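Build out the structure end to end from the sequences listed, making use of the hints.
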Amino acid sequence: MTLRADSVTWNRGGALVVDGVTVTPEQGETVGLLGPNGSGKSSLLRLLNGVVRPTAGVVTLDGDDLAAVRRKEIARAVAVVSQHADTDVDITVRDVVRLGRIPHRGTFGGNPTADDAAVAAALAHTGLTSKADRLWHRLSGGEKQRVQIARALAQEPRELLLDEPTNHLDIHHQLELLALVTRLPVTSVIALHDLNLAAMFCDTVIVLKEGRVVAGGTPAEVLTAELIAQVYNVRAEVLIDQAKGRLSILFEPGPIPVPTH
Amino acid sequence: MGGGILALALSILVAVTLGPADVSLVNVRDVLLNHLGLADIPVRLSKNAIVWEERLPRALVAAACGAGLGLCGVIMQSLLRNPLADPFVLGISSGASTGAVIVGVLGVGGAALGLSGGAFIGSLVAFGLVLLLARLSGGNNDRIILAGVASTQLFSALTSFFIFAFADSDETRGVMFWLLGSLEGVRWDDVTLCAVVVFCGTAVCLHFAYVLDAFSFGDDVAASLGISVAKVRLLLLVVTAIITATLVSVAGAIGFVGLVLPHAARFLVGPRHSRLIPATALMGAVFMVWVDAVSRVAFAPTPLPVGVGTALVGVPAFIVILSRRRRTQ
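Sequences listed follow chains A and B, in order.
Just so it is clear: in the first sequence, position 176 is 176 by the UniProt record's numbering, and no numbers are missing.
Just so it is clear: in the second sequence, position 54 is 54 by the UniProt record's numbering, and no numbers are missing.
Worth flagging that the hints you see were computed from the coordinates, not collected in a lab.
Do not take every clue at face value.
Which chain A residues stay away from chain B? Per the calculated CB distances, all over 12 Å, these [claimed, not checked]:
1) T2
2) K131
3) D163
4) R212
5) V234
Simulated restraints on C-beta separations [unchecked claim]:
6) B/H207 x A/A220: 48 to 56 Å
7) A/A56 x B/M176: 54 to 62 Å
8) A/A67 x B/R275: 34 to 42 Å
9) B/G3 x A/L16: 55 to 63 Å
10) B/G114 x A/L16: 51 to 59 Å
No experiment lies behind these values; they were computed from the predicted model shown.
Using N, Cα and C, we set each Cβ at its ideal position, and we do this for glycine too.
Following this line, the structure appears as structure tokens:
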């Protein structure tokens, strides 16, 4: 039992942003959320994190309705890395990562030994140990994302929700970051724009359009030229590298030819 | 921390000796010991009155104001994620002016309420209006600040309106002097009130220090760290509003401390609130004690409104801090 969404719908000010979506990640799996801008990926992640409540349907954590679970309990199980977390505060990498220990505080403070151990482990896991005393505003974009992931790891979650974590990163850092996330022993749900990255790193993908699920399954099942044309309105060629068992998707410029009947 | 408390105690003792009437540190010690019931040392009655009835309560209220305004500044800046936020960003000082003017000029409430009572009620009304406006417009940080700016303008206009329409020049002068921040004639009642409010407020904020840390990356990250954002924000806003309203009602709107002291303290002890909150409170207290002492003495016998003093002394100090900080980066 973990985090799951059961036909959730979210109506924001009259607009149906998420429409009857069901997500049931397997434990330890990496799930890619795909779909064009405004298809409801970020909104679905917010529903999964309990920041907003669904208008219909239910999000459950270990079988309990998320609306009835205390925020602190949610934060001990579910960590979030959002798209543009930034701050003006002169804070060190270590102190950012230490924020992840907040949900584990009791009423009268935390357990310093456990906190230090979790922070050290998170820094080591993300390769940031040597940068622990650097200031946040001096880091590069890739390092900042890694620090946010380290902060999420310090939460010791079972589920990790990431909203376009590779935005603004160069290709090296994109690959490095997703490799890191998929190595982690947690269930991850990642909103992604890049279909090739999704094909490379996700165990399953869910494709959203206008708030609805249009396809779900392994990348090889889902990411076909027809689906890409239907969802993104783009011509694509999908190549399968049998030796590596991997997809690569090539895009063609120009409009989709109108089908002739 | 211990050093800060020691510096505060010494500052208060020394500040009490300053002024037109000659009082030595030994006199201050004797008066204190007498009143605490620890000794019975003969002290001249006039000196006893100056120390115990005038300068000591004044220095203590100054310390409470500095600590409380600094504290509120830290909370507002961290909570609203805006380095320009200060205790008055919620329209509290302009609400206080309007309340004071309504009492002082229009005579509503009369002697029972007094300028202080009017100011306290006015500031809470303004704060309520800001919360209502912010809620109507969506409730995020920028909206709260916008609502504060709007309400500040409204209440300033109301204050000017009442003064132009109804006040004679003496009333105007009295109200204006008070509004600029004045510690003239504070009594032990004021000391008790300010000390209790500031002490309780500091305790609440220290309890929520880790929550304020969680806000450093914004509301969404705070929520994902298990914070009930809306509830905590409302609670902390109410705490700062009560502290600010109390201090304004006793000492007028003392500017600058709440805006700048948090930055100075951050420069010294870093951004973690478990250290930042006590550091700001202590620095604010020491700063205000000295500014009040200087503005009392420098232009004697004409007293300078302490709010004018805070800016005149504080701005150069702040420029030094800013430029040193730039060099170390």
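So, going through the hints one by one against the coordinates:
1. The beta carbon of A/T2 sits about 17 Å from the closest Cβ of chain B, which is more than 12 Å, so the claim that it is off the interface holds.
2. With 12 Å as the threshold on Cβ separation, the claim that A/K131 sits away from chain B holds: the shortest Cβ distance comes to roughly 17 Å.
3. For A/D163, the shortest C-beta to C-beta distance to chain B comes to about 10 Å, within the 12 Å cut-off, and the non-interface label is violated.
4. Non-interface status of A/R212 relative to chain B is upheld: no Cβ of that chain comes within 12 Å, the nearest being about 25 Å off.
5. For A/V234, the requirement that its beta carbon stay farther than 12 Å from each beta carbon of chain B is met, with the minimum near 31 Å.
6. Distance hint check: the CB atoms of B/H207 and A/A220 are about 53 Å apart, consistent with the given range 48 to 56 Å.
7. Hint check: A/A56 to B/M176, Cβ distance near 59 Å, so the stated range 54 to 62 Å holds.
8. In this structure the supplied range 34 to 42 Å holds for A/A67 paired with B/R275, their Cβ-Cβ distance being about 36 Å.
9. Range check, B/G3 to A/L16: Cβ separation about 60 Å, and the 55 to 63 Å hint holds.
10. The hinted range of 51 to 59 Å is satisfied by B/G114 and A/L16, whose Cβ atoms lie roughly 57 Å apart.
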